[in-house]
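Student: My request is simple: use the sequences and hints to build the entire structure.
Per the working numbering: the first sequence = residues 376 to 584.
By construction, these hints were calculated from the structure, which means they are not laboratory data.
Be aware that one or more of the hints could be misleading.
Unchecked claim - Derived lysine-lysine pairs resembling BS3-like cross-links, with alpha carbons at most 30 Å apart: (1) K577 - K495; (2) K488 - K575; (3) K559 - K459; (4) K532 - K559; (5) K552 - K519.
To be verified - DEER-style ranges, computed between Cβ atoms: (6) S433 - Q512: 34 to 42 Å; (7) P473 - T387: 18 to 26 Å; (8) K580 - K503: 45 to 53 Å; (9) Y403 - Q506: 32 to 40 Å; (10) K576 - E391: 32 to 40 Å.
Ideal Cβ positions, reconstructed from N, Cα and C, are used throughout, including at glycine.
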Amino acid sequence: MQEEIGRQVVTTDGFENIKLIGGADCTYFKDLVICCIVVLKYPTMEFVERTVHIGKISFPYISGFFSFREGEGTIRAYQKLSHKPDLLMINACGTTHPANAGFASHIGVVLDKPTIGITKRIFCGRAKIPQKGNEAQPLYHGRKQKGWLLKVLPETKPIVITVGHLTSTRSCLDITKKCLKGNKMPEPLRIAHRCAGEEKKKWGKSSGT
DNA sequence: GCGACAG
DNA sequence: ATCTTGTCGC
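Tutor: Here's what the structure looks like:
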């Protein structure tokens, strides 16, 4: 299935103007997956809305197969959005995947939506380590560049930016940079992460823990 | 054969 | 991801 998805991935820009950008993140609580999506105005990063979907974990954690663990919940959360974003930022890799089908690319194909994958560690690919603040180094996988390592803050490890779907190496770096507001993680993912944590706390309270 | 391995 | 201990800095 991943090979089939991987063949459908487009690595050129498939968007006009971005007015809304989304960020997706999942957290876990007991046997549940809590998936959260936030939508922000671009490039002001002004909050627009958030949705959540909570479901039972249906697939184990296996590196390389994230889509099957966090995909369903993320898509259900996406369907609940009143304002569909022009581009979605995902907390996972995109085309730096053995089958060209990391979660960011996979969900982009399924939703037919431009996506960018952001991770804290490299899964596939090689790159020089950027040292200076704001320095970016190309990330190669196979023979092509598929993303970047970006040293956002001088005191923290660089983030990994990868092309998801309907985006290019050039645009995924430009867009990610415009989403940075003084923190290591770009706003869509930082806010989505915070929202997921709040939902978990809320759930724990109402179910007695 | 052994180690590494997105969240 | 989650959990835990400890340190640094605004």
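Student: Indicate, hint by hint, whether the structure satisfies it.
Tutor: Hint check:
At most 30 Å may separate the alpha-carbon atoms for a hinted pair to count; K577 and K495 meet this at roughly 27 Å. Simply put, K488 and K575 have alpha-carbon atoms about 27 Å apart, close enough for the 30 Å limit, and the pair holds. Distance check on the hinted pair: K559 and K459 sit about 25 Å apart at the alpha-carbon level, within 30 Å; holds. Between K532 and K559, the direct Cα distance comes to roughly 9 Å. Compliance with the 30 Å bound is thereby established for this hinted pair.
Pair hint K552 plus K519 holds up; C-alpha atoms about 22 Å apart against a cutoff of 30 Å. Restraint check, S433 to Q512: a C-beta distance of roughly 37 Å satisfies the suggested window 34 to 42 Å. For P473 and T387, the hinted distance range of 18 to 26 Å is satisfied, since their beta carbons lie about 22 Å from each other. Checked against the given bound of 45 to 53 Å, the beta carbons of K580 and K503, roughly 46 Å apart, stay inside it.
Taking the beta carbon of each, Y403 and Q506 are about 34 Å apart, inside 32 to 40 Å as hinted. Taking 32 to 40 Å as the suggested C-beta distance range, the pair K576 and E391 conforms, at roughly 38 Å.
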